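> Chains as they are written, first to last, in the working numbering: chain A, 1 to 203; chain B, 1 to 708.
Derived from the structure by calculation, the hints contain no laboratory data. These numbers come from a predicted model, not from an experiment. It is possible that some hints are incorrect.
Unchecked claim - Pulled from the structure, derived: some chain A residues nowhere near chain B, Cβ distances all over 10 Å:
| id | residue |
| --- | --- |
| 1 | T27 |
| 2 | A37 |
| 3 | W60 |
| 4 | V71 |
| 5 | E83 |
| 6 | G87 |
| 7 | G92 |
| 8 | K94 |
| 9 | A112 |
| 10 | P150 |
| 11 | L151 |
| 12 | N180 |
Stated by the list, open to error - Calculated lysine-lysine pairs in the BS3-like style (CA-CA distance at most 30 Å, straight line):
| id | chain 1 | residue 1 | chain 2 | residue 2 |
| --- | --- | --- | --- | --- |
| 13 | B | K532 | A | K139 |
| 14 | B | K178 | B | K197 |
| 15 | A | K146 | A | K102 |
| 16 | B | K127 | B | K152 |
| 17 | B | K105 | B | K152 |
| 18 | B | K127 | A | K94 |
| 19 | B | K127 | A | K102 |
| 20 | B | K532 | A | K102 |
| 21 | A | K139 | A | K102 |
| 22 | A | K82 | B | K175 |
| 23 | B | K350 | B | K362 |
| 24 | B | K105 | A | K146 |
| 25 | B | K648 | B | K566 |
| 26 | B | K544 | A | K94 |
| 27 | B | K532 | A | K82 |
| 28 | B | K175 | B | K127 |
| 29 | B | K105 | A | K102 |
| 30 | B | K544 | A | K102 |
| 31 | B | K243 | B | K221 |
| 32 | A | K82 | A | K139 |
| 33 | A | K82 | B | K105 |
| 34 | B | K178 | B | K105 |
| 35 | B | K105 | A | K139 |
| 36 | A | K82 | A | K146 |
| 37 | B | K221 | B | K175 |
| 38 | B | K532 | A | K94 |
| 39 | B | K127 | B | K178 |
| 40 | B | K105 | A | K94 |
The beta-carbon is built from N, C-alpha and C at its ideal position, and this holds for glycine as well.
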Amino acid sequence: MRMSKALAAVVAISVSLSAAAMGVDATVESTCSDAAASDKRVHLAMCLSQLGHHRDADAWGLAKAATLVGVDKADLAADDIKELEAGASTAGIKPALAECAKQYRGVGFAFASAHDVINNRAYDVGEKKLDEALSLTQKCNAAFAKIGVPLQQPLAQLTADTIQIAIIAKAITCLVNVNNNPALVAAAAAAAAAKAPQQSQYP
Amino acid sequence: MPSPPPPPQPSPPELPISEHEDEIMAAVEANPVVVVIGETGSGKSTQLSQILHRRGYTRRGAIAVTQPRRVAAVSVSRRVAQELSVPLGDEVGYAIRFEDRTSEKTCIKYLTDGVLLRESLSDPELKQYSVIILDEAHERSLNTDILLGLMKRLIKDRASDLKVLITSATLDGLKVSKFFSGCPVLNIPGTLFPVEKFYSTEHPTNYIESSLRTAIDIHVKESPGDVLIFMTGKDDIDKMVSKLEERIQNLEEGSCMDALVLPLHGSLPPEQQVRVFAPAPPNCRRFIVATNVAETSLTVDGVVFVIDCGYVKQRQYNPSSGMYSLDVVQISRVQADQRAGRAGRTRPGKCYRLYPISIYQKEFLEATIPEIQRSSLAGSVLYLKSLDLPDINILKFDFLDPPSRESLEDALRQLYLIDAIDENGQITDVGRIMAELPLEPSLSRTLIEANELGCLSQALTVAAVLSAEITFRSTRSKDMEGKRKRQELPDGSGWGDHIQLLQIFESWDRTGYDPRWCSDHELQVRGMKFSKDVRNQLSQIIQKIAKGSTDVQAKKERKSDPDYRKLRRALCVGYGNQLAERMLHHNGYHTVGYRAQLVQVHPFSVLEGDEYGKLPVYVVYHELINTTRPFMRNVSAVDQSWVKPILKKLERLDMNKLSGGSSGSKDPEPLEDKQVSSPKKAMDVKQSDVDSKIQAARERYLARKGKK
Numbered sequence: 001m002r003m004s005k006a007l008a009a010v011v012a013i014s015v016s017l018s019a020a021a022m023g024v025d026a027t028v029e030s031t032c033s034d035a036a037a038s039d040k041r042v043h044l045a046m047c048l049s050q051l052g053h054h055r056d057a058d059a060w061g062l063a064k065a066a067t068l069v070g071v072d073k074a075d076l077a078a079d080d081i082k083e084l085e086a087g088a089s090t091a092g093i094k095p096a097l098a099e100c101a102k103q104y105r106g107v108g109f110a111f112a113s114a115h116d117v118i119n120n121r122a123y124d125v126g127e128k129k130l131d132e133a134l135s136l137t138q139k140c141n142a143a144f145a146k147i148g149v150p151l152q153q154p155l156a157q158l159t160a161d162t163i164q165i166a167i168i169a170k171a172i173t174c175l176v177n178v179n180n181n182p183a184l185v186a187a188a189a190a191a192a193a194a195k196a197p198q199q200s201q202y203p
Numbered sequence: 001m002p003s004p005p006p007p008p009q010p011s012p013p014e015l016p017i018s019e020h021e022d023e024i025m026a027a028v029e030a031n032p033v034v035v036v037i038g039e040t041g042s043g044k045s046t047q048l049s050q051i052l053h054r055r056g057y058t059r060r061g062a063i064a065v066t067q068p069r070r071v072a073a074v075s076v077s078r079r080v081a082q083e084l085s086v087p088l089g090d091e092v093g094y095a096i097r098f099e100d101r102t103s104e105k106t107c108i109k110y111l112t113d114g115v116l117l118r119e120s121l122s123d124p125e126l127k128q129y130s131v132i133i134l135d136e137a138h139e140r141s142l143n144t145d146i147l148l149g150l151m152k153r154l155i156k157d158r159a160s161d162l163k164v165l166i167t168s169a170t171l172d173g174l175k176v177s178k179f180f181s182g183c184p185v186l187n188i189p190g191t192l193f194p195v196e197k198f199y200s201t202e203h204p205t206n207y208i209e210s211s212l213r214t215a216i217d218i219h220v221k222e223s224p225g226d227v228l229i230f231m232t233g234k235d236d237i238d239k240m241v242s243k244l245e246e247r248i249q250n251l252e253e254g255s256c257m258d259a260l261v262l263p264l265h266g267s268l269p270p271e272q273q274v275r276v277f278a279p280a281p282p283n284c285r286r287f288i289v290a291t292n293v294a295e296t297s298l299t300v301d302g303v304v305f306v307i308d309c310g311y312v313k314q315r316q317y318n319p320s321s322g323m324y325s326l327d328v329v330q331i332s333r334v335q336a337d338q339r340a341g342r343a344g345r346t347r348p349g350k351c352y353r354l355y356p357i358s359i360y361q362k363e364f365l366e367a368t369i370p371e372i373q374r375s376s377l378a379g380s381v382l383y384l385k386s387l388d389l390p391d392i393n394i395l396k397f398d399f400l401d402p403p404s405r406e407s408l409e410d411a412l413r414q415l416y417l418i419d420a421i422d423e424n425g426q427i428t429d430v431g432r433i434m435a436e437l438p439l440e441p442s443l444s445r446t447l448i449e450a451n452e453l454g455c456l457s458q459a460l461t462v463a464a465v466l467s468a469e470i471t472f473r474s475t476r477s478k479d480m481e482g483k484r485k486r487q488e489l490p491d492g493s494g495w496g497d498h499i500q501l502l503q504i505f506e507s508w509d510r511t512g513y514d515p516r517w518c519s520d521h522e523l524q525v526r527g528m529k530f531s532k533d534v535r536n537q538l539s540q541i542i543q544k545i546a547k548g549s550t551d552v553q554a555k556k557e558r559k560s561d562p563d564y565r566k567l568r569r570a571l572c573v574g575y576g577n578q579l580a581e582r583m584l585h586h587n588g589y590h591t592v593g594y595r596a597q598l599v600q601v602h603p604f605s606v607l608e609g610d611e612y613g614k615l616p617v618y619v620v621y622h623e624l625i626n627t628t629r630p631f632m633r634n635v636s637a638v639d640q641s642w643v644k645p646i647l648k649k650l651e652r653l654d655m656n657k658l659s660g661g662s663s664g665s666k667d668p669e670p671l672e673d674k675q676v677s678s679p680k681k682a683m684d685v686k687q688s689d690v691d692s693k694i695q696a697a698r699e700r701y702l703a704r705k706g707k708k
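With the hints as extra help, turn the sequences into a complete structure.
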């Protein structure tokens with residue numbers, strides 16, 4: 001049996017994770033840690049495994065790298081959907097697969113657009129594009145949920161990974177945005193200060 | 001006195017047009033065509049479709065709303081979907097060339113005017129629509145003007161079940177009404193606040209500097225409110241953004257509020273324009289530096305101050321030379337008033353006009369020249385001919401403002417040279433296929449020829465990349481970093497830019513379409529993905545419509561055709577109306593055709609000369625544009641033997657026959673015969689000389705290739 005592209009990607013992730021455990025660049029580690037601290041949805045392990053080999057990249061570079069991972073995953077998902085459509089034995093799931101195919105096309109473009117605008121240092125636009133990528137990916141889940149059928153493997157794993165990489169990319173982009181935008185730094189400081197009195201109310 | 005702004009409401013918002021819903025519906029019910037004149041911001045683009053939907057007009061078909069610009073079709077549809085609380089692509093969607101966000105559910109469809117024209121090819125009566133709204137008609141886009149003529153016909157055929165609305169911010173409603181046999185015109189007043197206008201005492205010599213000074217003055221002295229600064233193009237916008245940011249940073253800290261400087265132009269991908277529509281951060285003034293796209297197509301909230309330089313960059317086509325130019329011209333009074341109005345949407349505003357009032361009153365045209373009178377009409381004429389309308393005569397088509405006869409004849413000449421029409425002006429089988437491809441005529445013809453020659457796969461790639469308009473400027477700049485990047489990209493093997501585009505795509509293909517390859521080579525990832533998507537779409541289309549077998553799969557054909565001869569030959573046929581011949585003693589060229597023009601190869605081209613630096617004798621070009629000089633862009637070398645048949649067609653060309661008349665009997669003919677014979681004799685002598693030089697050049701070139 002031929003290994004599907006998505007499954008091959010999963011294997012690659014496992015290998016990459018093992019490699020990551022052997023040595024991750026400090027910048028990558030700190031950026032991923034900061035991202036996880038800023039957004040609890042971020043899976044630190046996946047962030048390290050997907051971005052750990054970008055040893056020379058700063059946070060801006062890591063944000064872009066994450067978007068490119070998203071492009072890859074969306075393309076893989078689209079390919080796998082085609083295979084599933086060809087082999088689908090139940091007519092009922094074909095509309096859901098068609099819907100997923102459509103959404104993943106948009107997901108790929110959203111990640112690609114995010115890369116380009118982040119490269120142009122338009123970080124807030126990049127954040128919006130990553131939100132779009134996340135939203136479109138979740139629609140794939142919704143399409144299957146609507147018909148009461150669980151997402152098939154390996155598409156299910158790929159969808160979960162795509163959602164996660166969108167979250168990671170956005171979290172890192174937010175970090176870059178804050179660090180490069182004095183107004184946002186001030187706003188973040190003000191928000192932190194506003195939280196301080198509440199925290200002091202507890203012993 | 002304008003009414004006070006309404007309190008915030010759940011969608012749909014209470015825009016001026018909503019207050020006239022009953023009046024509009026009464027007019028629509030009673031008339032097949034209605035003209036709606038509403039100021040920019042009155043809500044006609046977003047609310048009219050919703051009103052009609054709410055009143056049941058989507059029960060019998062969808063509502064189509066055309067826009068002259070892609071960015072508007074996308075942004076307005078998003079807005080309407082948001083107001084209706086539906087996902088984009090469900091009940092509300094958009095369709096633009098090579099991108100379709102609609103579904104079976106879609107009942108309000110925003111699309112570019114070009115897409116609607118294309119839809120009419122397969123369904124001349126556009127039966128899927130119960131209502132067609134031609135929005136932003138004041139922009140007088142070429143396609144919208146053609147649609148006006150077609151709607152006039154369509155209303156007669158579908159009088160009982162189609163409604164047509166023409167909306168505009170500034171259009172002469174009476175003129176359109178007369179065009180449609182006296183249809184009603186509804187004027188929807190806006191809620192613009194008064195705008196105080198300030199004029200310069202004289203036209204500035206450097207409008208960027210003048211705009212910059214004015215912007216800083218506003219920032220330091222005026223109350224909160226965003227500033228909209230009109231520039232002519234992207235380059236000036238980039239300069240202005242950079243200078244303004246620098247100047248603001250140099251202001252004394254605390255002397256004024258924070259600032260955010262944002263560019264806005266048509267070249268920006270839609271996603272990058274989102275920033276402009278996001279509300280400004282607290283205590284922050286936005287400076288939106290924009291082209292005329294901000295005049296009417298895109299509404300930016302929060303603008304209180306406008307700086308109007310008085311100029312606009314306009315794309316003009318000269319049918320005599322076949323050359324486009326990007327001319328910076330004075331705006332019209334209508335445009336000036338539109339720009340000023342942007343300052344009064346939310347509260348009283350100010351408009352700083354960087355020109356004297358006398359210029360406004362005496363020199364500005366009343367309205368902008370329609371696009372149909374300054375564009376190449378080849379694609380449009382081909383489209384009209386493909387409709388097979390029984391009584392249609394291109395020279396007599398019912399236009400709101402007809403193009404010149406010279407423009408129409410130029411279009412006929414172009415189409416004849418690339419086999420889309422025969423010598424009698426009738427559309428050919430080739431022409432019919434061309435019309436079905438969503439491409440420029442030259443690219444359509446190239447694909448058809450490539451299919452015959454067996455290099456369709458390569459041609460599809462070239463057509464897709466050109467259509468996706470991927471920019472390689474960063475790799476072609478003269479700075480050292482750019483040169484380094486350029487060296488890493490394929491160079492077209494000296495044959496030219498079309499070949500380079502092919503090679504770049506093929507290089508990416510060999511990586512399995514790895515987006516990192518694009519990033520590493522400073523290529524826009526989205527643009528490259530888009531070109532791949534376009535290629536897929538074109539492949540599907542041509543497989544359906546082309547005769548014979550088609551081979552669309554990307555293959556490595558280099559080994560069997562190392563000099564890309566098949567592809568270049570197909571390009572020669574496809575660009576038979578865009579040929580140039582090199583001068584004998586230097587690398588300047590003259591165009592081959594009706595009236596020769598002296599032109600040069602664009603400095604960004606990768607076209608190479610022989611060992612003596614002489615460029616190829618014959619080239620085809622994708623675009624001829626006059627910037628600092630008349631330049632050919634996207635140029636590739638072709639063989640003289642391929643050019644010969646085209647030259648012969650040029651000799652046989654009879655404009656009278658092409659136009660639908662007969663030849664031979666009119667007085668001007670003898671004079672024309674004499675004119676034709678003289679160039680022919682000269683051409684014969686020249687041809688002999690050229691032949692020998694071509695042979696010598698070929699030998700030198702082959703020797704040079706052998707050395708490599």
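> For the pair supplied as a hint, K139 of chain A and K102 of chain A, confirm whether the alpha-carbon distance does not exceed 30 Å.
holds (10 Å)
> Tell me if the straight-line CA distance from K648 of chain B to K566 of chain B falls inside 30 Å.
holds (21 Å)
> Regarding the pair K105 of chain B and K152 of chain B, is the alpha-carbon distance no greater than 30 Å?
holds (29 Å)
> Keeping to a limit of 30 Å between CA atoms, is the pair of K105 of chain B and K146 of chain A held or broken?
holds (16 Å)
> N180 of chain A: least C-beta distance to chain B exceeds 10 Å?
holds (13 Å)
> Holds or violated: K82 of chain A with K146 of chain A, Cα cutoff 30 Å?
Distance of about 20 Å is within 30 Å: holds.
> According to the definition I'm using, a residue is off the interface if its beta carbon is farther than 10 Å from all beta carbons of the partner; does E83 of chain A meet that for chain B?
holds (16 Å)
> Please verify that the nearest CB of chain B lies beyond 10 Å from G92 of chain A's CB.
holds (17 Å)
> Is K105 of chain B within 30 Å of K139 of chain A, Cα to Cα?
Roughly 16 Å between the alpha carbons, so the hint for K105 of chain B and K139 of chain A holds.
> Take a quick look at K94 of chain A and tell me if its Cβ sits farther than 10 Å from every Cβ on chain B, holds or violated.
holds (14 Å)
> Checking one constraint from the list: CA of K243 of chain B to CA of K221 of chain B, max 30 Å. Satisfied?
Distance of about 19 Å is within 30 Å: holds.
> Regarding the pair K544 of chain B and K102 of chain A, is the alpha-carbon distance no greater than 30 Å?
Distance ~22 Å between K544 of chain B and K102 of chain A Cα, so the pair holds.
Comparing the model with each numbered hint stated earlier shows that hints 4, 9, 14, 22, 34 and 37 do not hold.
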